[in-house]
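Peer 1: Take 616 as the starting number for the sequence shown in this note's numbering and just add one per residue.
Hints are computed from structural coordinates only; laboratory data are not their basis. Here the structure is a predicted model, which means the values were calculated and not measured. Treat the hints loosely; a few may be bogus.
Claimed, not checked - Estimated spans, in silico, between C-beta atoms of each pair:
(1) Arg730 - Pro816: 36 to 44 Å
(2) Leu803 - Ser712: 38 to 46 Å
(3) Lys837 - Ser702: 33 to 41 Å
(4) Leu705 - Glu678: 25 to 33 Å
(5) Lys778 - Lys738: 18 to 26 Å
(6) Glu656 - Ser686: 19 to 27 Å
(7) Arg672 - Arg730: 37 to 45 Å
(8) Pro710 - Gly841: 30 to 38 Å
(9) Glu655 - Pro816: 36 to 44 Å
Claimed, not checked - Here are the simulated EDC-like cross-link-like pairs (lysine to aspartate or glutamate), alpha carbons at most 16 Å apart as the crow flies:
(10) Lys664 - Glu638
(11) Lys649 - Asp674
(12) Lys774 - Glu753
(13) Lys778 - Glu842
(14) Lys735 - Asp677
By construction, the Cβ of each residue, glycine as well, lies at the ideal position given by its N, Cα and C atoms.
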Amino acid sequence: MSTVLVTGGSRGIGREICLTFAEAGYDVAFCYSKDSIGAEETISLLQKKGAGVQAFRCDVSDEKSVEEMFSSIYGLEVLVNNAGISSFGLIQDTPLSQWEAIFRVNMTGAFLCTRAAIPKFLKRGEGCIVNISSMWGETGASCEAAYSASKAALLGFTKAAAKELGPSGIRVNAVTCGMIDTKMNEVLSAEDRLEFIRNLPIPREGTAYEVAEAVLFLSKNKYITGEILRINGGAVI
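Could you build all of it, start to finish, from the sequences and the hints given here?
Peer 2: Have a look at this one:
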């Protein structure tokens, strides 16, 4: 049986990716940092779909924690680096500690998990990594400099890893999300969200399921690597 590992799988996009892969016949491993209640809900939903489930409390920015998690995962075929955090504020008001925390989770976490997955993929003879980035990693967002910069770094990492790992049968792609209906965007007012989507070619918010479908597609097509797939309703064209 093939296993997918999804970081940040206790809610939102991460949970929907877990469920979508379970429906496609995968066993599912996921990790979470703090949301134990959400993790239990994800476990229950996956078990109802008949998937084998492993759940780990893991800080993806901590090297030892990541290594311990990967030592317990077998049959790994797909890694989805989804765990992420954000912040809002002016650059001059951003503490260094906050800047570094965002990079540790959004970028260093993806690096640590990718590095830990490579030996398993090499032993298998193939593997797939999908990184969850953001349209702000492509365009930048006012008052989200740290988040935008970390997601831009993730895109550069995706392309470099695709070139390096492709000859070993390991594909690396990314999706860039636009305005997706998740808790991360609840910090925005309803008015701000409406104003944003009003100007989109597809004038609505995206769903976590639409992101999950894109991730599953990238995992299945074995002639795609280094690709940045936009899930944003046409916000970036």
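Peer 1: None of the hints should be skipped; say for each whether it holds.
Peer 2: For each hint, the structure was consulted:
no.: 1; hint: Arg730 - Pro816: 36 to 44 Å; verdict: 38 Å, holds
no.: 2; hint: Leu803 - Ser712: 38 to 46 Å; verdict: 24 Å, violated
no.: 3; hint: Lys837 - Ser702: 33 to 41 Å; verdict: 37 Å, holds
no.: 4; hint: Leu705 - Glu678: 25 to 33 Å; verdict: 32 Å, holds
no.: 5; hint: Lys778 - Lys738: 18 to 26 Å; verdict: 21 Å, holds
no.: 6; hint: Glu656 - Ser686: 19 to 27 Å; verdict: 26 Å, holds
no.: 7; hint: Arg672 - Arg730: 37 to 45 Å; verdict: 20 Å, violated
no.: 8; hint: Pro710 - Gly841: 30 to 38 Å; verdict: 35 Å, holds
no.: 9; hint: Glu655 - Pro816: 36 to 44 Å; verdict: 39 Å, holds
no.: 10; hint: Lys664 - Glu638; verdict: 7 Å, holds
no.: 11; hint: Lys649 - Asp674; verdict: 9 Å, holds
no.: 12; hint: Lys774 - Glu753; verdict: 13 Å, holds
no.: 13; hint: Lys778 - Glu842; verdict: 11 Å, holds
no.: 14; hint: Lys735 - Asp677; verdict: 20 Å, violated
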